[in-house]
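Chemist: Top to bottom, those sequences are chains B, C and G. Residues in the first sequence are numbered from 1 upward in steps of one, following our numbering. Residues in the second sequence are numbered from 478 upward in steps of one, following our numbering. Residues in the third sequence are numbered from 581 upward in steps of one, following our numbering.
Don't read these hints as lab results, they were simulated from the structure. Worth double-checking, as some hints may not be accurate.
Cut-off 25 Å, straight-line C-alpha distance, at most; resulting in silico cross-link-like pairs (DSS-like, lysine-lysine) [what the hints assert, rightly or not]: (1) B:Lys60 / C:Lys545; (2) B:Lys133 / B:Lys76; (3) B:Lys133 / C:Lys545; (4) B:Lys133 / C:Lys561; (5) B:Lys60 / B:Lys192; (6) B:Lys192 / C:Lys545; (7) B:Lys214 / B:Lys192; (8) G:Lys600 / G:Lys707; (9) B:Lys76 / C:Lys528.
Coverage of chain C stretches by chain B, computed from C-beta distances (three or more under 8 Å per stretch; other residues unrestricted) [to be verified]: (10) 502 to 516; (11) 548 to 559.
Just a sample of chain C residues kept apart from chain G, beta carbon distances all over 10 Å, derived [unchecked claim]: (12) Pro482; (13) Asp484; (14) Ile488; (15) Ala492; (16) Glu493; (17) Gln498; (18) Glu543; (19) Ser562.
Here the structure is a predicted model, which means the values were calculated and not measured. Glycine is no exception: its CB is placed at the ideal position from the N, C-alpha and C atoms.
Listed below are the residues making up each chain.
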Amino acid sequence: MVGHGWETVIGLETHVQLGTVSKMFCGCSTAFGAPPNTNICPVCVGLPGALPVPNEQAVKLAVRAALALGCTVHAKSVFARKNYFYPDLPKGYQISQFDHPLATLGGLEFLSPDRGVVRATIERLHLEEDAGKSLHDRIPKATAVDLNRAGLPLVEIVTGADFRSPAEARAYLQTLKQVLEYIGVSDCDMEKGSLRVDANVSVRRAGAEALGVKTEVKNINSFAYVEKALTVERDRQVGVLEAGGGVTQETMLYDSKENAVRPQRSKEQSHDYRYFPEPDLPPLVLAPSWVEEQRQLLPELPGAKRERFVAQYGLVAQDAAVLTHSRAVADYFEGVVHAGAEPKAAANWVMGEALANAKDHGEELRVPAASLAQLIALVKGGTVSHQAAKRVFGELATRGGDPRTIAESLGLIQVADTNVLGGWVTEVVNANAAEVGRYRAGETKLMAFFVGQVMKVSRGKADPKLVQKVLAEKLAG
Amino acid sequence: MSVTPDDVARIAQLAELHLDQEEMPALVGQMSRILDYVAQLGQVQVGEGAKPFVLGPDAIRCRPDEVKPWPLAFGPSEFAPVFKSGFFVVPRLGQFGDEGSDE
Amino acid sequence: MSDGTDIVAAARAVATRIGKAKRLNAVLTSPAELRKSLLQQSKTVHPSGVLYGMAVAVKDNICTLEFPTTCGSKILEGYESPYEATVVARLKAAGALIAGKTNCDEFAMGSSTEHSAWGRTLHPTDKTRVPGGSSGGSAAIVAAGAVTAALGSETGGSVRQPASFCGVVGIKPTYGRVSRYGLVAFGSSLDQIGVLGRSVHDAARVLSVISGRDPKDSTCEDRDPLRLPTVPENLQGFVIGVPKEYFPADLDPGVRRACERAIRTLRELGASVREVSLPHTQYAVPTYYIVAPAEASSNLARFDGVRYGPRFDGAADVRALYRATRGEGFGEEVRRRIMVGTYVLSSGYYDAYYRKAQQVRALIAQDFRNAFDRGVDLLFTPTTPTTAFKAGEKLADPVAMYLADIFVCPANLAGLPAMSLPVGRVKGLPVGGQLIGQAFLEDEMLEAAYALERAVPGTAEA
């Protein structure tokens, strides 16, 4: 519903929770789902006299994220206080980074649905702590505050105004999630709140150089809503401008139920955060050799892995993309190959049975790679048919065990004994004299019929390829 | 340089401090006095790129990532002014409206 | 002290002595509550600690489990901290008895202990005068002889200045020497816990116990606890600098006499004394009164009635709750400082005020470094420009009160160790002489203090 001649300009600010076991500035647990206000201590409750002590793993993960996003990691960065009042902000300030962030000037390539490969600029990546949660509906006329989340370690990742459509913004986010998941920095789960997005949106006449007035869009709670919210806001701005009005710089909140945006009720004044360097924390100093070590320790990133799968395993790009979508699947696929399976077969089984099964079981790849490789070998060797192997796979996923043993117990081992096969073939040939005649007269298509009959008589146990051979010999005369 | 009542009102809002109107004149006077006094630092030459003074260790020493919270002898049910069903309770947000915690 | 009965008797005796000094309003803990706690403590105190049985009072802005922590403020009335400060844990581990909480200017903001919500503390020997502040309660109760030592805190001289007014010893360590975990923050880049004592040795022993690395405080240096020096025979080889800016023409003549006598004593002890200059001294107080309020405005934002402390009720919404709680809970001086602090950090003013002040601070610190680099080991100055002033005298003009800190706040800005010890009296009122040492060289400062204390007639009229 975009008016013609308008260009959308979007920038994104993402908050990603780092996958540590303890909080950013204290030793409280980060475990999700704990009863309210149980993962707390003097520091994260903001008790008088408490002091922050940074988490080394949070720093490490933030540095890895910065490196994976091609940023310059600064040897010295400084924590700063961002001062404002809110019920779930215990100290009345958030410890973040301002003038001297951890990292700046990186980029992330992603596949835009509109323009091919696009490189989003990462302007900055910095460390900060999360606030708690305010629940407005629990208690009438009141707000309930849970500080379990207060102090969780976050990185804030800010892009330039690089996206030209809501779909593009979403694609970037999905790539960002993939990269961060790959390097083990975060699970980037919008439902759990480990990834949050705020967007800046403006529009301008196509071809214009100057940027339009931008609004900030908040309260977007899923990847799908990212696209919807930005679409709604873009359309709203175009509507305003086409009607001759002007866009006001303000914060808009997305309402997913109505699929609409509305202005955040205006505050008396815009925030003056009064940033100043955090006096309770010395500067964060990182040895260049240590940073380099983190770079070396980065696992292969999705793009590089995709290319390698094509080159090394002879896969088509599309299959490689599916198999590298998540690190877990990619590692699994390679596990199956390393256990002896032929890559193409491994790819088909992983993309097919394994992923289908995982989807119904919380994304868990339940059949060990070695077992799947053995199963694939059984099919290749003709011991079980492909169909039978799917049944075996199902058993392996539910109950585990050994593929051959399962196949045997289910009676799925294909018969390859030519004597036995010969017996069944003879039985079928004798029972279908008319068709034999027709076949010998030239209707070679009937081979499929004969194979089917043998399979019936053998109750599926005959190896169809061998059956065909034996039939061909027998029918030839 | 002096502060005006408007300045003082704005600062009081930022600092979330209620001020009675009767206190205003005295406070405006006192703040002006203090700010005039400290403004003499404007005369001091500090030189280009003078670094702000920072005390304490030269660099952060991080702690290992482990679940070892500093001890609390008792929980919020005992120290919080209003605590119900495991939550700190405050009056409804009112003017805060639907602002989220800023990030 | 090694057997059980002694400790119980000691506990009772402390409670009695503090009870007798009640009129000073120095200790906030009621005599009954204190007696009960001390007797309870006497059962669990560590018998082999170096401070076994020593009664140490604790300033009310340091968190304790035994007694409430109110920081002299209504906004924390009745607040019982669910954790204790590192320094308090260390005192207890060393066998000390925690002898109640002492009165202070609200949130340590003041130089007279007149700004406490719980009433002013009286000067120990002249009830019309102030004991100094903000650690006035600690200084007064030590001066009254009720406890051996007391913890105080410094942001801009709040241990040394009351020590000087009350005629006791007050030591501020190097910034980062003592953990701040559990010290309710005022000016984080300035705050240090200090010790007041009847003698240099009493104060130093306590300082030694509470000092040293603490993983709970990122600004606490990774160093062993302070090792106490032995008392030197003399001060041969010591070079003492006397900064001329600390002896202005209008210095109180009695203070001047007492300090000059102390300087003569230092010479007699064998130290070589020379004049030095710290040219940026005049900017110390204005610098301090930008940096400290700025940091305070942020540190005190957590006091909002939400998670702890009293809530000032009837609030219709959260913002009203904040404003009522903070408006009513904070006293005048605190509100003033929060306002100034918020102003100097606010958009458009940050560079000219806070950032500039931090840059000037570097110059002040450099002055000290220059003096020390030129071969001076320690500096000697008056601690305060006058003896204890009258209650009410400096309340009309906030800046007048600030100027009381003129000789003490530079050491806070520079993070240097400094101490005050009695060097004489003027019309019966104590005069403090100040030693300022080099960073982390408290031992040299203490050596000079030991010698001076022994030789100077600290209670004699100057």
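Chemist: Just want to verify: glutamate 543 of chain C was marked as not at the interface with chain G; is every Cβ pair farther apart than 10 Å?
Modeler: holds, 12 Å
Chemist: Are all C-beta atoms of chain G more than 10 Å from that of proline 482 of chain C?
Modeler: holds, 12 Å
Chemist: Should the label of serine 562 of chain C as a non-interface residue stand, given a Cβ cut-off of 10 Å to chain G?
Modeler: holds, 16 Å
Chemist: Does the alpha-carbon distance linking lysine 133 of chain B and lysine 76 of chain B stay inside the 25 Å limit?
Modeler: Given pair lysine 133 of chain B, lysine 76 of chain B is violated - Cα atoms ~32 Å apart, limit 25 Å.
Chemist: Measuring Cβ to Cβ, find out whether isoleucine 488 of chain C lies farther than 10 Å from everything in chain G.
Modeler: Violated, because the least Cβ-Cβ distance between isoleucine 488 of chain C and chain G comes to about 5 Å, which does not exceed 10 Å.
Chemist: Does the alpha-carbon distance linking lysine 214 of chain B and lysine 192 of chain B stay inside the 25 Å limit?
Modeler: violated, 29 Å
Chemist: Lysine 76 of chain B and lysine 528 of chain C: Cα distance at most 25 Å?
Modeler: holds, 14 Å
Chemist: Verify that the Cβ of glutamate 493 of chain C lies farther than 10 Å from every Cβ atom of chain G, and report whether the claim holds or is violated.
Modeler: Violated, since 4 Å does not exceed 10 Å.
Chemist: Verify the coverage statement for the stretch 548 to 559 of chain C against chain B, using a C-beta to C-beta distance below 8 Å and requiring 3 or more qualifying residues.
Modeler: holds (count 4)
Chemist: Is the hinted pair lysine 133 of chain B and lysine 545 of chain C satisfied, with a Cα-Cα distance of at most 25 Å?
Modeler: Answer holds: lysine 133 of chain B to lysine 545 of chain C is near 22 Å, not above 25 Å.
Chemist: Mind checking the alpha carbons of lysine 192 of chain B and lysine 545 of chain C for me, to see if they're no more than 25 Å apart?
Modeler: holds, 23 Å
Chemist: Taking 8 Å as the C-beta cutoff, is the stated coverage of the stretch 502 to 516 of chain C by chain B satisfied by three or more residues?
Modeler: Three-residue rule not met by the stretch 502 to 516 of chain C, so violated; n is 0.
Violated hints, in rising order: 2, 7, 10, 13, 14, 15, 16; the structure is consistent with all others.
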